[in-house]
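S.K.: For reference, the chains in residue letters:
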Amino acid sequence: MIDDTLMLRLRVEDLLFEEADLLDSWRLKEWLALYTEDAWYHVPPSDVDGDTADPDTSLFYIIDDAVRMRERVSRLSKIGAHSEHPRSKVRHIVSNVRVRRDGAVIRARSSFIIYRSKDITSDAFVGHYIHEIVERDGALRIAGKKCVLDMEALRPHARISIIL
Amino acid sequence: MERITTGIIDDPASNRFLVPRRVFTDRAVFEREYAAIFDTCWLYLGHASELPAPGSFVTRKVARRPILFTRDRDGEFHALFNACPHRGATVCRERSGKSPAFMCLYHGWTFGSDGHLKTLPGSSGYPEGFKTDPQKQMVHVPRMERFGDFFFISFARDGEDLATYLAGAGDYLKLVSEHSASGMQIVGGTQEYAIRGNWKLLSENSFDGYHAACNHSTYLEYLKSANGALSATPLAGEAFDLGNGHAVVEYSAPWGRPIASWVPLWGEEGKAEIDGVYAELVSRVGAPRADRIARKNRNMVIFPNLVVNDIMAITVRTYFPTAPDYMEINAWALAPREESEWRRKYRLYNFTEFLGPGGFATPDDVEAIEKCQQGYATAGDALYNDISKGMIRSDAPSFDDEAQMRCFWREWDRRVTAAKVMADA
Numbered sequence: 001m002i003d004d005t006l007m008l009r010l011r012v013e014d015l016l017f018e019e020a021d022l023l024d025s026w027r028l029k030e031w032l033a034l035y036t037e038d039a040w041y042h043v044p045p046s047d048v049d050g051d052t053a054d055p056d057t058s059l060f061y062i063i064d065d066a067v068r069m070r071e072r073v074s075r076l077s078k079i080g081a082h083s084e085h086p087r088s089k090v091r092h093i094v095s096n097v098r099v100r101r102d103g104a105v106i107r108a109r110s111s112f113i114i115y116r117s118k119d120i121t122s123d124a125f126v127g128h129y130i131h132e133i134v135e136r137d138g139a140l141r142i143a144g145k146k147c148v149l150d151m152e153a154l155r156p157h158a159r160i161s162i163i164l
Numbered sequence: 001m002e003r004i005t006t007g008i009i010d011d012p013a014s015n016r017f018l019v020p021r022r023v024f025t026d027r028a029v030f031e032r033e034y035a036a037i038f039d040t041c042w043l044y045l046g047h048a049s050e051l052p053a054p055g056s057f058v059t060r061k062v063a064r065r066p067i068l069f070t071r072d073r074d075g076e077f078h079a080l081f082n083a084c085p086h087r088g089a090t091v092c093r094e095r096s097g098k099s100p101a102f103m104c105l106y107h108g109w110t111f112g113s114d115g116h117l118k119t120l121p122g123s124s125g126y127p128e129g130f131k132t133d134p135q136k137q138m139v140h141v142p143r144m145e146r147f148g149d150f151f152f153i154s155f156a157r158d159g160e161d162l163a164t165y166l167a168g169a170g171d172y173l174k175l176v177s178e179h180s181a182s183g184m185q186i187v188g189g190t191q192e193y194a195i196r197g198n199w200k201l202l203s204e205n206s207f208d209g210y211h212a213a214c215n216h217s218t219y220l221e222y223l224k225s226a227n228g229a230l231s232a233t234p235l236a237g238e239a240f241d242l243g244n245g246h247a248v249v250e251y252s253a254p255w256g257r258p259i260a261s262w263v264p265l266w267g268e269e270g271k272a273e274i275d276g277v278y279a280e281l282v283s284r285v286g287a288p289r290a291d292r293i294a295r296k297n298r299n300m301v302i303f304p305n306l307v308v309n310d311i312m313a314i315t316v317r318t319y320f321p322t323a324p325d326y327m328e329i330n331a332w333a334l335a336p337r338e339e340s341e342w343r344r345k346y347r348l349y350n351f352t353e354f355l356g357p358g359g360f361a362t363p364d365d366v367e368a369i370e371k372c373q374q375g376y377a378t379a380g381d382a383l384y385n386d387i388s389k390g391m392i393r394s395d396a397p398s399f400d401d402e403a404q405m406r407c408f409w410r411e412w413d414r415r416v417t418a419a420k421v422m423a424d425a
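Protein chains in written order, with my numbering: chain A, 1 to 164; chain B, 1 to 425.
Just so you know, nobody snuck in bad clues.
Quick list of simulated restraints, FRET-style, between CB atoms:
#1 R11/A - R73/B: 55 to 63 Å
#2 M7/A - E94/B: 41 to 49 Å
#3 C214/B - A139/A: 39 to 47 Å
#4 F17/A - P142/B: 53 to 61 Å
#5 A139/A - P288/B: 56 to 64 Å
#6 A181/B - E18/A: 48 to 56 Å
#7 E76/B - I93/A: 44 to 52 Å
#8 R11/A - A377/B: 44 to 52 Å
No lab work stands behind these hints, which were simulated from the structure alone.
We put the CB at the ideal spot given by N, CA and C, even for glycine.
Start from the sequences and build out the full structure, keeping to the hints where you can.
M.R.: See the structure below:
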């Protein structure tokens, strides 16, 4: 007998693993389709409390709304996106998933390690995701995600040129 | 004084300006730069707004040294070497905050915000007068001066004062301060990253108008397709030599500026607000200066490593090398204190659109810098970088020439060749 909470977590895990797989295989348009029409994608800097920081009042690394997410995907498809041409090898590891219902929104927290490898270097991004997920026509869609880096600084990294 | 030769070829008669690639890879050049540049020049420490009240402090590294930047209880600013006079441990181990005193974790020596030794545990083991001995206090950085709200330090005991050092760059720091009637502030949140490339490549890149069309083609395409983010204003302007190795490019551009260049993306409501901001500027500084502040962009490098780019937002950026092929960068957003929530939100939205490790442009700058550094492995056979663009012009240098970089390189060459502290490589 699987109870509702466990079932929900399994469904959310499936979604997060699907997202990771699409990003690792550079299927970015399909990645975008996991999100709602008014979604957002934020990456706060590491010298503020990433869980509570507000992109309207604090400098972030990334504060994408749906338009900018679409443009980010479009940019990464071009050879003029020099930092990702040729493309990096990318691997997202997602774990420690915890899920909570908050009205119509499902809030998920999880841990990530993301490797980006290109040329002579591999950089690891370590942190946690905060996903806001909603039900649409019986399926789960992502309404927004915040990627909080559990790092002292983005070093020796130079860039977040992939999607975290 | 022993002179050395950097190998830079600066020959206006034949329109040649060539920089040997070994200056980006050579360990001896790197060490000489620390002695001749970072240990003597005025270096940016921080902004007054980062220490809003008595007791406020910030720790940061400047030219490899840990610095504790504080305000004491009278509100005076101090730049202290963040090392205990007893055994040398880092005294303040937090990034920022507010505290009346700092206790060393090792033996509990405790210091005031002005660096004086307040508490000496086990003082009966020391002679009378020990606690007030100047050598038992935290050490002040030899010189600290402010220009407006920008604080600079120098590790050299002697030398020109800050205003003299800044030369023509001072007026540009004033200009960026005049965006606000009530004062500028550093917005919370710091972009802290690194580039696997030589630090001088970032000085060049930060005011390189020539690379935009190729290196940032996807950013310009984004502005076109993102529904009204682009105006009809062309990219056009000039470069100015500000003296002492500082230079600026000042130019018009098609992107929106929260200091009063509206783009359709911001809507009619935004237009009314931007019009109001412009009117306030005109009444405060007069129409010609207001026009310059609102409509012109400025990328400025204050020698050696302070960038103040007043573009689609304002970034203050500084960077230090830890090796010839690696630098650490800190970048902040500067904004008018009094701006509305709407304008602050768009400013930060604008900032992250172009600037920083997650922006639509900086990652490609980084790629270019790192690829240059990798290319310098060929330095034995491919000797020089070409920095001559625009030398043939008899009129003012264009923003997309390389005159501003030649200002940087001439000062770099002057300082490095004059260094008496280093033996020849």
